[in-house]
Amino acid sequence: MKTRLLRHSIWIALTAAAPLFALDAPRKLVDYDIRVTLDPATKTLTGAQTLKWTNPAPEPVSELRFHLYWNAFRNNRSTFFKESGGQLRDDQADTEGGWGRIDLTKVQIGGADVLARGRFDSPDDGNPDDRTVWVLPLETPVGPGETVTLTMDWISKVPKVYARAGYVRDYFFIGQWFPKIGVYEPAGMRRRKTSGWNCHQYHANSEFYANFGDYHVSITVPEKFVVASAGTWTGETKQGDKKTLRYELANVHDFAWAADPRFVVSESVWDPARDLPAAEIERAARTLGRSKEDLLRGMRPVKISVYGQPDHKPQLHRYHDAQKWSLTWLGLWAFPYPYEHISIVDPPEDGIGSGGMEYQTLYTGGTSRFFNSGPLVGMKFLEVVTVHEYGHGYWYGMVASNEFEESWMDEGINTFTEWEIVDRRWKYDLEFPLGLGFSTRGVMVPSVAKKQEPDPIVQSSWGYVSGGSYGNNSYFRSGAVIEQMRRLMGEERFFRGLRAYAERWRYDHPTSEDFFDAILSQAEEPAIIRGLIDQTFYGRGFFDVRVSSASTTRAEDFVGFDDTRKAVGFDETAGKKKSRDPDDKGRRFVSAVRVIRDGEIGVPTDVLLTFENGQTLTRPLAAGNRWLRLVVESSSKLARVEVDPAHKLLLDRNPMNNLKRLEADRSPSAARKVSTYLKHGLDIVLSSLWSAF
Amino acid sequence: MNLFTRSVAEGVRLAARHYRLSVLLWITLFVSSSLALRPLSGLVRAVDGSPFGERLLAGWDGDAFVGMLAGIQEGLGPAFAAIPAGILLFALLSLVLSTGILRTLQQGLVQGSMRRAVIEGVALFPKTFGAFFRFGVGTAAWLLLVAGLPAWILYELPGKDAPPNNGFTNAAILWGVLAALAVFLVRRARFDVARALLAQNAASTGRGASRLAGRRVAGARVAAAAIVLFWLIVVAILQTVFTRLGVAMNPQTNAGTTGLVVVRQIGFLLVAFAHVAQLGSLSAFERLRRPVPTPLPRLASPG
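These protein sequence lines map, in sequence, to chains P and W.
First residue of the first sequence: 1, per this note's numbering; consecutive thereafter.
First residue of the second sequence: 1, per this note's numbering; consecutive thereafter.
Worth double-checking, as some hints may not be accurate.
Listed next, the in silico PhoX-like pairs over lysine-lysine satisfying Cα-Cα at most 25 Å (straight line) [unchecked claim]:
(1) K28/P to K52/P
(2) K43/P to K28/P
(3) K303/P to K224/P
(4) K43/P to K106/P
(5) K157/P to K242/P
(6) K637/P to K578/P
(7) K157/P to K82/P
(8) K313/P to K224/P
(9) K224/P to K243/P
(10) K160/P to K160/W
(11) K160/W to K648/P
(12) K43/P to K160/W
(13) K160/W to K313/P
(14) K160/W to K224/P
(15) K324/P to K243/P
Bear in mind the hints are in silico, worked out from the structure with no lab data behind them.
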């Protein structure tokens, strides 16, 4: 008894509260041994699993909670279906025959059947028809640090590809497919005040959250199928026209796989000794303030397997290329990828609903045959989706944020790193002939800055007013605010903060405030960054810095009596003002400038005055000030006034009012140039009509 | 020389002799696009007061361009509305002038050819429009029948459960593109010949001209299509070369921008020349395809 108490005390001390140190390996609370058989003809999975779950809390747990995700596709009464209306990410659900489901057929604890004891629950919306959360009350509570073993059998009907998983023809993408236990959070974990289950229903806009553990998975499929798996292949047996493949995967919180007889497999190896550019190592070491040896510690070769569609064969090398660059960037700037392989599934074009979905060691891409070659080859959607989905392996996978409750922590941080990774390598992800192009960051940031959002960024994923608000806040707005932090803090401070966050929360479950703490710890002026956070992540604030007015006039000459009572500038006896020097020699000018900052977010910036003779004058507008009024006397006319000359204010709602040119400014006109090119564009269109008729 | 080369050579000769007609076409282009872009150019002036100006002056900057568009977003709707109006104006002017140009080419008038082309074009417009209508409707019907329908059948043939981008869908796309191109080339040649016939008063209506044009083209469809294709390629080359040149110039001063306008408009003038030459080529084709009058049978001499 004493030994047991001591063991529990040590366990609680190690796991209950959020640790103050970074983890070298995850705390494993789950262990799944899954055997599953796919029947492609009936589109069913027959599965059995042995689950070992360990109670991490200092108190006994009297019930277990499970996700049965595929019941989201069971009928049109599920919460997922009600929220999505049968349409998600441009993909339409097949409401004729495409329904899916998962039914538990046997649940045992210690050999005793407990299935009948279970019930469904809808903790988020009380929907009595939702079947995505199953609760199993326990006869004997699981004590602190104790492990309970369950055996569970189930049968699933694979849904037609719609949202993140499903089948089309003989292609199967199997994600969120097994009865998956929720997360029991002890008090202190993710800043919780009291312990409890974190097991939400499957919502249209929500993704996932789970504990780390090990997976041992056996997959039985017809012989002709090629299987792509998150795990490492450990063996294969054949029985008639079927085969059983065995996989192992440790230190993850999910397991996905795909099967298709048409998969074309393409493999390569990312070898840090060969594939890490010296310049990038140098840059990262300098910016992060780390030694090269420190950055390279833990780097290991990674096997990359692409499971491609035959019609995308000419593009498969692009998956490898984008994957290798992502391994390089995230490995250097966050931390090295710890697994020995990564699998990329290229879905067929009629199964694109399963595209762009991520797990730590497997993700789905997506492309079209029209990008194989020809004029559209510069559209780098494949690269962007590769970088993005792999990035999830960091910001949701290894830094295991809760996507139900704080979706921005995965999507937003990942959007930021995606923009950076794409920008560093390709600059433009939409490349057109003649060197023209656009970047997603360049396209999205102005609209984010301009738009008044109805929601703050930090929100449960189903709590946003609309799917559009979820998408904009979780992805682009949070990505843009993080980019704004970077520009305000500077490269070194920001990336050191990001690195600190990544390293501290690797294999752990952070909250929004954990990210902010890491960033703020590096900020030179944390109050400014905190203000930005409060007004965007927790508010709907904005700012617009503008040159309200600028003028320059000739300074009045001194007129009147000086201190010696001598008349200056006028004829005392004649009572007349003296005429000015006809050559205007020694003339002086008075320039008056007013800069105003509107909005709730206080950001510091500079105001740059440029004079006709080329001289410049820079004055700061402090974050706490709403305006700056300058009156400057000089020997030259004021030519232009510009706020934010270093272009740091990315979220400025209207940058068009940041500059004022005065008469003395004789710089060439960009408007003229832009208009000329626009005219030539239209001229090309019009003159092409001569060829048409 | 065969029918193709004789027609093309004659077209070039006619266009060179009547170079003013190319200038006339170029003026319609310049005016139409200037009017269409006037509101947008007014909006773009704001870029000089923004941080994006200097970046755009330095060269192409996608982020700055989008930033500028976002900054003038509110006015973009009305400004873009002027563009379809400009396109419509240009299309109408081109249609009016085409028959006038053909008549001027046929009559060989050099002095006052611009004025002549306008007057004749306006006079012939109702008939030209009739021929254009038949060209449009006929082309759409042939495209559906020859390109669209077989492509659709090929696309649907493998059934719903076939994987995407299979052999049938690839063949459907290939067939669709090639057949559509062939239909367009033949129909366009026939329309040009119809306009040439209207210009010489060989038909009293657009419908009559189209039918007569059909007879002229029949039996020499390959040559007729080749003429249109040839000029299509010439125009594509001109557009590519001058567009690349214009982009490479990337002016960073006001004088440089003026230089860009001059160089680029020379390109459009050459495209206008190619259009006149194409009309001349098809006019020559029509003349060469005209049936030779059957000689009267020789009367047997008495005795």
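Comparing the hints with the structure gives:
1. K28/P to K52/P: holds, 10 Å
2. K43/P to K28/P: violated, 33 Å
3. K303/P to K224/P: Holds, at roughly 24 Å.
4. K43/P to K106/P: Holds - the C-alpha atoms of K106/P and K43/P are around 21 Å apart, at most 25 Å.
5. K157/P to K242/P: holds, 20 Å
6. K637/P to K578/P: Roughly 23 Å between the alpha carbons, so the hint for K637/P and K578/P holds.
7. K157/P to K82/P: Distance ~20 Å between K157/P and K82/P Cα, so the pair holds.
8. K313/P to K224/P: holds, 20 Å
9. K224/P to K243/P: holds, 9 Å
10. K160/P to K160/W: Judged against 25 Å, a Cα distance of about 14 Å means the pair holds.
11. K160/W to K648/P: Violated, at about 53 Å.
12. K43/P to K160/W: holds, 17 Å
13. K160/W to K313/P: This hinted pair holds, its Cα atoms lying about 23 Å apart.
14. K160/W to K224/P: Holds. K160/W to K224/P sits at ~22 Å (cutoff 25 Å).
15. K324/P to K243/P: violated, 32 Å
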